[in-house]
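Participant: From first to last, the protein sequence lines stand for chains A and B. Here the first sequence stands for residues 1 to 293, where the numbers follow the working numbering. Here the second sequence stands for residues 1001 to 1370, where the numbers follow the working numbering.
No wet-lab data here; the hints were simulated from the structure. Keep in mind it's a predicted model, so treat the numbers as computed, not measured. Just to be clear, a hint being listed does not mean it is correct.
[As the list claims (entries may be wrong)] DSSO-like cross-link-like pairs, simulated, lysine-lysine; straight-line CA separation at most 27 Å:
#1 A:K156 with A:K244
#2 A:K187 with A:K86
#3 A:K287 with A:K183
#4 A:K264 with A:K249
#5 A:K86 with B:K1016
#6 A:K83 with B:K1016
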Amino acid sequence: MTEIPKEEFILKCTSACAGCPSTLILRYVLKAAGSDTVLVVPACCTSVIQGIYPNTAVNVPLYNVAFAAAAACASGMSEAFQKAGKKTNVIVYAGDGGTVDIGIQALSGAFERETDFLYICYDNEAYGNTGMQRSGSTPIGARTTTTPGGKVHAKKDLDAIVAAHNPSYLATACAAYPQDLFKKVQKALTLRGSKFIHVLAPCPPGWRFSSEMTVEMGKLAVRSGLWILYESEFGKVTINGPSKAAMIKPVPIEDYLSVQGRFKGIDRKAIDALKSQAEQRAKHLQKEAEGIC
Amino acid sequence: MLTIATGNKAVAAAVKEVRPDVIAAYPITPQTEIVEQIAEYVTSGELDSRYIPVESEHSAMAACIGASITGARTFTATSSHGLLYMHEMVNWAAGARLPIVMANVNRAIGPGWNVWAEHTDAFQERDTGWLQVYVSTVQEAYDTTLMAFRIAEHEDVILPVMVNLDGFLLSHSMQSLDTLNAGDFVPPLHLPHAIDVLNPAGYGTLTGPDEHFRFRWEIEKSMRRSRKVIAETERDFAERFGRSYGVAEEYRYEDADVVVIAMGTLGKEAEVAVDLLRNEGVNAGSLRIRWLRPFPDFDLSGREVVVIDRDYSFGFGGVIAQSLMARQRVDLYSVIAGLGGQEVTYDDIAGFVRDRRPGTELWFGVNGDV
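Next up, chain A with everything else stripped away, as it sits in the complex (with noise of 0.2 Å):
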C-alpha cells in the first residue's frame, strides 16, 4: 500500500454535495502534490464545492478563472513561476464541459507548446454546476436536462486528443481508487511539460443514485470496462491492475447502467452502442499496451 499523507489540503467547509466524487479526487491530488501547489480553476463544480468569500475551504492558492481559459491561465502562470526560478506544480482541475468543450482549444494549445503543468479534468459527464446538461463527455443514452430523451451522441474520446499532443503523461483513474489516482498524480509531477490525468467523478445528483454509492459506481464503471484505468508515459502504455482483470472477466455493463436514473429508459441500440465503445477501447489499448500500435 502505498502511504498517503495525512496532512489535509480540503477543509471540512465545503459546499460539495453529499458523496461528491470532485472532492474526493482533489483531496488526493493535494495529498500527492503537496503545499507547493497552485490550482487553476475554470467555472465547474470546485467554483463552488470551495466556499464563499472571504472563506475557501482548499489550502492551497487556488486561482478562479473564466470557463475556456484554465489551461491558458496555467500556462503563463507556469512560465512565470520558471522565470522566478520556483518549482511550483501548476494543476489544473478542470470539469469535463471547460475540458472537452469550452476549454479544448486553450489545452490543446497549452500542450502544444509543452507547458510545464498538470492538467486534471474530473469527469462526471456532464454540466454538473448549473444542474446536468449534456457535454461532449456525455454518454451515449444518458438522460440530461438538454438531453432529455437520452444522449443520442457517442462521448467524445478526449484521451485520445490529449494523446495526439504526445504529453509525458497521460492516464485515466477513477474516484473509487484512490491510491491509484494518488500514484498517478505523484508520478505526473516528476516529469517536466505537459501532463493529463482523465479522473471519472460518479456523480449522485446528476448520475441520479443514492450518495453512499460513489465509490460502488466508481468500481462498476472500472469492472464493467465502461472505464478503463491506464496510463501512459511518453507514449508507452500500461493498463492498470483492476482494468486488466476486467478485460478478463467484465461484470455486464447492464450492471453500471441499472443502478443509475440517467439510463432509465434507455433503449437497447444504445447499450449496444455503449458496449462496442468500450470493447473497442480496450482493443486498442491492448495492442498500444502490447506495442503492437
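Use these hints to put chain B onto chain A, whose structure you have.
Facilitator: Relative to the frame of chain A, chain B by itself:
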C-alpha cells in the same frame, strides 16, 4: 538614442526597456509587428522574457492573467477582432486587479474585413476597468508605453492599462524616435495580492452581492486615484527625459474661441488645421484627448467646440462628443470621420471648423447634406 521607427517598433522597444517577465502574444494585423519584434528581442537574448506564443487572444490575456497573479510583469498586444475575442479576459484582468499592460492597435471591426484605423475596438472595452490612453506619434507611443507600466503597477492604481495607437496611420508610420535608458523610472513590481504558497488564498472565489459591489467601488476608487498617479508619472518623466503630454494635449488652446477635440492621429492632424485657421483669422485651438479612462475633466465653457469621433455608438452618437456633453453644458458640433481608415486631412478638419453647425452631427463624406 535617436533612431527611426514605426509606431509598432516603438512600442516593442519600450517593452524591451521595462523587461516584462512574461509576454503572451497572438498575431493580428496591424499589431503583428509588435509581437514579431518582441520575439526577435527574446530570440536574440536582448530581452530575457518568457514569450508564450498562444493560440488565441482569449488565451493571450488568460496567460497574462496567470503570470501576473504570481507577481510577474506582463505585456501583450492586439487589435480589433483580437481585442473583442479576448473581451471576457479583458474584464477579468481588471476585476482581478492585475497591472497588465497591453498595446492595442486601433482597427475597425468587421464585417467586411477592414484593417484600417478606427477607435470602435477599444471603445468596446471602455467600461471594463482598464485605463485607456491614445497616442499620436511614434515618440509618444514609446514614452506612453513606458509610463503605462509605472502607472498600472503603482500601489494606488493596480489596474491594467491599454495603450492605443491608430492602425497603419501610426503603427506603420516611420518617424524619429529617441529611445531612453529608463533606469529606475519604472520601479520593480510589487503586487500586494500575488500568489504565495506559504500564505494560501482563494482568488476570484464565489462572491455575494455586498462584496461584489464593494470590489467594484474599489476599482472606481483606484480609477479616480489614477489621475494623480498619471500626473505624477508625467511630471517625473518630463523632469528625467524632457517630454510631457498631459491627460489631454492642448495646442493654441488658451485663447481659442473654437476648439477642435479629437484623439490619436486625428488629434495631431488637427494642430495643422488650427494653424491654417489662425492664418485665416479664425481663433482656433485644439485639444487632443489622450486618456479616455479615467476621462479627463476640462472646462470648455465659453468656447465653441468641434468634436471628431473616429468611432460611433449606434443609436447614440459619437462617443467622445456624447461623453463631453454628458460632463458639461456645451453646444458642440459632432463630426464622425475616419471610420475604417477613411482619409481625413488637416484641410478637411479646417473645413469642419469653418462649416460648423453646433447641435448637429456630420457623418463626413456620407451625410454631408443632413
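Participant: Each hint needs a verdict: does it hold in this structure or not?
Facilitator: Evaluated hints:
Using a Cα cut-off of 27 Å, the hinted pair K156 of chain A and K244 of chain A holds, with the two alpha carbons roughly 23 Å apart. For the hint pairing K187 of chain A with K86 of chain A, the CA-to-CA distance comes to about 19 Å; that is within 27 Å, so the pair holds. With a C-alpha separation of about 24 Å, the suggested pair K287 of chain A and K183 of chain A falls inside the 27 Å cut-off, and the hint holds. The suggested pairing of K264 of chain A with K249 of chain A holds, with an alpha-carbon distance near 25 Å, which does not exceed 27 Å.
The suggested pairing of K86 of chain A with K1016 of chain B holds, with an alpha-carbon distance near 23 Å, which does not exceed 27 Å. Restraint check for K83 of chain A and K1016 of chain B: the C-alpha separation of about 16 Å stays at or below 27 Å, so the hint holds.
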